[in-house]
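Colleague: Below are the chains, spelled out letter by letter.
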Amino acid sequence: MMQNRPAIVAVGRTKFGEHYGKEPEKLIEEAWLAASRDCNMERKNLEACYMSDCFLPITNKLGLEEGFLSELTELHVPMEVTRSFSAALLAACHAIQAGVYNTVLVGGIEKMTDRWDKIRDDLMLLDDPWSYFAGGTPESNHELMLRAYIKKHGITSKDQEQLEVALAQVAVKNHANGAKNKYAQFQRKITIDQVLNARRSAHKPLGLYDFAPISDGATALILTSETVANKMTTRPIFVLAIGAATDYLNYPAREDLTHFVAAELAVKKACQTAKLSATNLQLIEVNDQSTVMEMISLEDLGLVEPGSVWKNIYESSQTGQLSYELGGKPVYVNTNGGLKADGNPLGATGGAQFLEIYRQLRGEAEERQITIPNGLRHGAVLEFEGFGTKAYMTILGEKTQ
Amino acid sequence: MTSEPIERRVTYLGDRLRACRCQCCGKEYFEVRDYCSNCGRKSYGRMNSIDLFYDKGILELCTYINEPTNKFTRLASYVYGIVSFHGGKIRVPARLTDQLISEGTPLDLASLEGREVTPRFRRRYSVGKSDIIPTISLAFTLTDEYYPHQEYKISQPSKDYELPGIVGYGVYSSRFRIKEEGIERAVPFFDEDSVTAAIEAGKLALIHSSLDSALIGKVYAGSESNPYAVKPIAAKVAQVLKLGKEDGDVQAVDAVDTEFACKAASSMFKDACALVSYPKSGIDYAMVIGTDNSQAAPRGWPGGELDAFVGYGGAAFIFGKKDVIAEVEAWYSCTSDTPDFWRRDGEPYPMHGGRFTGDPAYHKHVRNSASKLMEQCNLKASDLNYFVPHQPNPSFPVRIAKELGFKEEQFMPAIQMTKFGNTYSGASLVGLAAILDIAKPDDRILVTSYGSGAGSDSYLLRTTKQLPDKRNRQKINVRFLAENPFAEYIDYTTYRRLKSGM
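In order, the protein sequence lines correspond to chains A and B.
Numbering-wise, our numbering puts 1330 at position 314 of the first sequence, and it's gapless, one number per residue.
Numbering-wise, our numbering puts 269 at position 242 of the second sequence, and it's gapless, one number per residue.
Keep in mind the hints are simulated off the structure, nothing from the lab.
Since this is a predicted model, take the numbers as computed values, not measurements.
Warning: the hint list may mix true and false statements.
From the structure, some residues in chain B lie toward chain A, with a derived Cβ separation under 10 Å [unchecked claim]:
#	residue
1	Y56
2	C66
3	K98
4	I117
5	T132
6	A137
7	A166
Glycine included, every Cβ here is placed at the ideal spot set by N, Cα and C.
Put together the whole structure using the sequences plus the hints.
Modeller: Written as structure tokens, this is what we have:
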């Protein structure tokens, strides 16, 4: 268990989607103000800021984002920028655990639609340059991973059809969840047929509904030391563990093309620290850049035998459940709608995942609130940078555990 | 990529597919590394550099791309995947090239997976008109289709010759063809141009000669369709084919481009011969490449009459004095300032002097140089086995050959423009290659090129006993390309689209 556990005491976010009229600074302002209202906190209480954005310097030609944040908040405290929300949270947690700060702001921002015409080139070039030079697209690695999975596990004919439906169900389930999330980019339900038809009309293994969109948005949370947290709220949500790992940039060069090694390692490390097994987790936010990524992540989490999770997902498509039956119990994945429906503004995405776990654990998820027989104790967030090049697994829980 | 240093580094690795292997554990890596990630510090300085340029791989996995990123939109749709080399020790991203996929055709991706592929040197993607044209060899074709894999086996030359001559040659033309009024013409794929054809021809010449590329001391690239006004094709050839000894990241070789319409390359045969013969040159072998992606204005435009004849391809000849397959016995050249065909700087298409290109230009110069050389050597047409004339269209070479007294069996085997179109700097070279493909030892060949502007070079060659011996190293020869069952025929609209390139 982490010593001197950092706690989340407030969260805030913008709606994800297209924000034509707003500068990136306005979005982060909106998210930060929402978080500060959430816990009724003054900005002068902040001792430091950790912010993440993946490529704001490219999309919006903003360098030294910290300066904008300083202007915005009229704060002159230390500020650092990372590339993903989880990375920002990790740095913030270390500072709080070390006793350097007691109260910090963790925020994330991305503005991708301002560069809608070049964004796929940017994404691919930054994720995996050699694959970009060879003609790869942001979608192609996901499709190749699916092909690798099908070949490795010898999935053919009827099984392959079920696998295809299972992947469609991932999108259908995420859209159903997104429909109940007022901040989500897509708040409408879709059907299995819509997903399958989009693939068919593109003549491709994966189609429009298999991929997360590009989005604008910002998220923020306030992280404090245990002592401060207990003064601010009766129900702080503690960061019990964060595991992080890194893998090759170039996907084809990786040893195993059917898994994300970084995810497996991050999960293992986080579970060790939190002293629990991933199979105890029933509420997980995974990084579903594509439906394939959600499926593979469930296997990387160690919830089922490799090569079999599509069967469990397929079952849920038949019953219409919004959870997967894994290891004899329901597991709720991406209750906010996931990247697919909630949106995927890279640097802010993780913040929406943490916000969801925070709300669910506090019983504040409204329509989306899940309940499990023994009570919901933990939630986890698995976040990636790139196509599995970096992975962060964070386990959150209430103090009582 | 607009940064020149980045472009230089990506090209250096990607054009040749430079890789390395750890001497300690055998692990292999694409790209160059100083140490192995398995073995750490003990592998420092013990990484062997290897490359995959002449290798073949397996297309492990693939998918279909019909919404490429911005720089690939000219290709519209293509198959993309992962190619593995050496049983999976190295895996690289890969684009299948030379495939025109019409929108809405369902592809059986599984049927492509597991098949053998060869890396091909191509343009990487589209860039602005004033930018460096990026290239890469992460483009692949299936080995059981148009372009088979050929091993590059280096052997030590053994036999010395009195006269310099051809020690190896390679011919390249593209998979796509347009067939009109009895003429078939080769059309480059989107990612091909005169630079990629030069590399292909040079590569095939090295394979045919089985000569260590490090022994080549000079390379000449003749072309009238270099995509750059300033930037030599020959430098790319030298770097990618590793001509001359590698010295850090430069090659110990001299490289130069030449231009004289269609005789830019043939003109350099004598220079190559002289160079390898000069005792103080220190150069044992020289490579001459003729390459063109001949351009023509669309039909109906000024200069559009050429649109019925332009082709695509190239040929490379290696000259030396060891293991010669055809000795160069004599030559003769003539030149005059005759404006029959020209292209002003900055203009995309050349202009053409109409009827003026016949008698006062082509026929006058070809007649002059061929007959003067025969006179000089005291030879009649009947003393020669083959005559290879320059071939800008189907009628000119036939007329001049007959006029010089040659019979059809002496010159028709050399007429290849009806298969590939006029390959300009490559035209008489491809004709010569076609003859070397079929000649017997001790055959005498007269080659006469022509370049607008105008001039003509004639060479007298005599084949040696080593000519048939070297043939089995060469799968891809002129006939193989001309009669290739995987050649794909396209219509005029597609031809114009492909011709405009990436």
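Colleague: Run every hint past the structure and note whether it holds.
Modeller: The hints, checked one at a time:
1. Y56: It holds, given that the least Cβ distance between Y56/B and chain A is near 8 Å, below 10 Å.
2. C66: At 16 Å from the nearest chain A Cβ, C66/B fails the 10 Å test, so the hint is violated.
3. K98: holds (7 Å)
4. I117: holds (8 Å)
5. T132: holds (8 Å)
6. A137: holds (8 Å)
7. A166: holds (8 Å)
The earlier numbered hint that this structure contradicts is number 2, and it is the only one.
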